[in-house]
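2 protein chains.
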Amino acid sequence: MKATIITIGDEILIGQIVDTNSVAIARYLNDAGIVVHEKESVGDDREAIVTALQRAMSECEVTILTGGLGPTKDDITKRTLADLFNCELVRDQRVADHVRRMLESRGIAYNELNQGQSLVPAACTVLFNAYGTAPGMWFERDGHVIVSLPGVPFEMDHLMQDEVMPRLKKRFTLRQIVHRTLITSGLAESMLAERIAAWEEALPPYLHLAYLPSPDKVRLRLSAYEVEGAAVAHEIEAQFDKLYAIIPQYILGYETVTIQSVVHDLLTQRHLTLATAESCTGGAIAARFTALPGASNYFKCGWVTYSVEAKHAQLGVRLEDVARYDVVSEEVARAMAEGARQRAQVDYAVATTGIAGPTGGTAERPVGTVWMAVAGPCGTTAVCRQSGKDRGQVIDRASGFAITLLRDEILRQEELRKKKN
Amino acid sequence: MKATIITIGDEILIGQIVDTNSVAIARYLNDAGIVVHEKESVGDDREAIVTALQRAMSECEVTILTGGLGPTKDDITKRTLADLFNCELVRDQRVADHVRRMLESRGIAYNELNQGQSLVPAACTVLFNAYGTAPGMWFERDGHVIVSLPGVPFEMDHLMQDEVMPRLKKRFTLRQIVHRTLITSGLAESMLAERIAAWEEALPPYLHLAYLPSPDKVRLRLSAYEVEGAAVAHEIEAQFDKLYAIIPQYILGYETVTIQSVVHDLLTQRHLTLATAESCTGGAIAARFTALPGASNYFKCGWVTYSVEAKHAQLGVRLEDVARYDVVSEEVARAMAEGARQRAQVDYAVATTGIAGPTGGTAERPVGTVWMAVAGPCGTTAVCRQSGKDRGQVIDRASGFAITLLRDEILRQEELRKKKN
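Just so you know, the sequences run in chain order A and B.
Residues in the first sequence are numbered consecutively from 25, following the working numbering.
Residues in the second sequence are numbered consecutively from 25, following the working numbering.
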């Protein structure tokens with residue numbers, strides 16, 4: 025069973041919005057075993073909509089459209105669909121009553137434009153939109169299903185969940201799609217591929233492997249399309265278990281696990297506390313941890329000591345060390361971590377000092393040079409990592425590197441203490 | 025001049041990633057006067073790539089592809105392009121040297137897979153990728169230009185800016201596309217449309233109006249395609265000036281300015297300095313400012329005082345005030361802002377204290393309750409804002425509210441001082 029997703033709107037083609045609707049729709053379809061064959065975005069243009077839809081219908085059994093259903097003149101999806109399916113627009117009284125009530129409760133006039141929201145092509149089944157004024161529409165034509173949904177994300181989402189998916193599951197006999205993703209960290213994509221080449225070679229042919237590299241990790245996804253789900257899910261688990269045996273130290277976890285969620289769990293389980301002392305990462309490390317529910321159990325204090333004076337006054341970094349070693353140096357990173365650990369009275373503190381750019385780089389310390397340090401109960405460790413050239417990239421990668429160093433140090437110092445005892 | 029954007033990767037079709045590359049590419053093309061006719065996403069599948077590309081070439085002069093250029097087996101774009109353009113893969117020595125140097129500097133082995141990154145179709149012009157291992161490729165065929173770019177966003181971005189756009193501008197004679205967006209707030213889409221109906225009706229036919237509603241605003245975009253830019257830009261300004269006369273109280277401003285970029289400019293132009301004292305926003309405010317190049321000119325120090333002890337020890341919040349008024353209170357927000365301003369010796373400090381959730385809410389102070397304060401040379405102002413229910417939403421909205429308060433206070437205190445003098 026194949027589907028095409030068509031998103032409609034000039035704002036997509038000019039790059040004014042990021043299309044998240046098609047992401048949500050793709051997930052719903054995949055979860056139900058429907059393969060998304062293609063995603064397409066076209067403008068608010070009759071010919072483009074018709075062409076895209078006719079092609080989608082020639083290739084797939086299901087087409088989901090979003091967008092172009094607003095009350096204003098630039099939205100033409102509904103009129104276009106009525107013409108394509110040779111029918112008139114007729115008033116749906118349930119929708120009309122709903123729109124009137126909804127607007128009145130918000131103090132919005134029920135004017136001519138809003139009244140148009142309850143006109144629907146006579147050939148469609150109305151999918152009632154409890155959360156907005158534009159109803160969804162379900163068409164069937166020569167064995168094909170065509171669904172048109174409003175572009176407002178949460179209205180689309182409710183309609184997909186409450187109306188479209190139950191109907192698709194009833195209308196078609198669906199098999200399953202299984203995706204499972206393992207997150208690795210610490211091996212570049214090419215080195216990872218080399219290390220697991222024999223494993224990859226031995227995968228059953230119906231399991232498809234994909235590498236998804238990003239700055240601080242490589243995701244490995246195994247997918248199987250239109251299969252018997254339970255057996256395949258079991259097979260994928262078995263394959264990932266084999267991988268654990270090959271590269272145990274590089275595996276972070278499954279699906280959406282992040283390096284900060286790993287450290288979050290480590291700190292929480294061990295009742296350890298944390299402070300951050302950031303310069304070039306500018307609060308990004310603190311923000312990553314504090315975005316996680318429960319962070320207040322271990323996160324005590326963070327500093328963003330951007331100026332030398334702040335590093336000195338707030339964290340006790342010695343001005344003569346800055347003068348002697350530079351503010352981007354092992355000594356300053358160590359002093360920041362140790363100062364933060366001592367002043368916040370925590371078990372661990374992580375620090376960064378570097379050059380985020382675009383200016384400030386030198387031949388010796390180019391943009392992207394970042395010293396990072398972790399201070400813990402068994403001492404302080406510092407490393408320097410080249411973290412990229414672009415400001416956003418430097419902040420992001422250095423944050424990831426520093427949190428990875430923190431994880432490594434928590435585990436290393438735990439081992440050290442075990443040996444001592 | 026028309027273009028198609030094709031993004032390649034199974035991860036797009038299964039909804040594992042949000043496609044931001046096509047947004048960035050669409051902006052570059054629009055800025056240069058190239059109309060994006062369609063965006064399409066296909067899987068890592070030879071037939072799908074070839075079909076999409078051939079169709080794009082039949083409809084448009086320019087096709088930009090991204091993705092599928094990694095070193096691993098699942099990435100097949102390069103091989104597919106070589107076959108489609110009937111040529112061999114040949115080694116590009118400059119790319120080979122660059123890949124080797126880049127990997128060696130990061131301590132990554134230069135193995136067979138990486139060596140494959142310097143193989144390119146003989147028919148292409150290599151677009152040198154200084155930021156990654158996968159080069160861009162430029163093909164010309166029967167008057168069409170086909171460009172293949174890596175899917176890593178910042179590598180794609182640098183290649184679009186430094187290589188693709190200059191070449192497209194040289195290769196084609198381009199007219200202009202003008203988009204200008206006005207942001208309105210406080211009027212529902214249908215009411216807005218009614219209020220400005222006469223204005224909309226009187227627009228010159230070559231100006232296309234679009235409504236882009238979202239929960240807290242409606243954006244109005246005027247677009248003109250393939251025109252003489254200067255005259256049209258002038259006409260659009262004149263049209264928006266007329267709108268100002270019709271709905272002055274509902275207009276917020278233009279385009280995509282963010283509240284932090286507004287404050288960044290205010291602080292920079294006035295040579296003012298800033299500190300942050302965050303609790304529930306957890307470093308997100310500091311991170312928003314420090315993400316902007318030049319932030320070090322005004323951003324001196326930030327605190328993420330998550331625990332009561334940190335608020336007391338680092339910012340001088342009195343424990344008896346916490347006990348008497350609660351840690352989420354006007355008094356604590358004021359003390360945090362004033363403590364940060366004094367300790368960092370800055371002109372302005374902004375503080376937040378609230379309940380980000382999911383736990384910690386009470387009947388009196390439910391999740392989303394955030395007190396925020398700004399301390400400046402003419403005193404301190406505090407407000408309480410309900411900032412949502414979801415943890416991420418609370419952090420994001422409270423950060424925005426706090427930065428808005430900071431802007432209002434900078435302007436208000438500036439007026440106060442002017443009046444005093």
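A portion of the hints provided could be inaccurate.
Once the Cα atoms are required to be at most 30 Å apart in a straight line, the calculated DSBU-like pairs of lysine-lysine come out as [unchecked claim]:
hint, chain 1, residue 1, chain 2, residue 2
1, A, K444, A, K241
2, B, K26, A, K97
3, B, K241, B, K413
4, B, K194, A, K241
5, A, K97, B, K97
6, B, K193, B, K26
7, A, K241, A, K266
8, A, K266, B, K413
9, B, K193, A, K413
10, B, K266, A, K97
11, A, K413, B, K97
12, B, K444, B, K413
13, B, K194, A, K413
14, B, K442, A, K26
It is worth saying that the hints were derived from the structure and are not from the lab.
We went through each hint and held it up to the structure:
no.	hint	result
1	A:K444 x A:K241	violated, 33 Å
2	B:K26 x A:K97	holds, 25 Å
3	B:K241 x B:K413	holds, 20 Å
4	B:K194 x A:K241	violated, 38 Å
5	A:K97 x B:K97	violated, 48 Å
6	B:K193 x B:K26	holds, 13 Å
7	A:K241 x A:K266	holds, 20 Å
8	A:K266 x B:K413	violated, 42 Å
9	B:K193 x A:K413	holds, 26 Å
10	B:K266 x A:K97	holds, 20 Å
11	A:K413 x B:K97	holds, 28 Å
12	B:K444 x B:K413	violated, 42 Å
13	B:K194 x A:K413	holds, 28 Å
14	B:K442 x A:K26	violated, 67 Å
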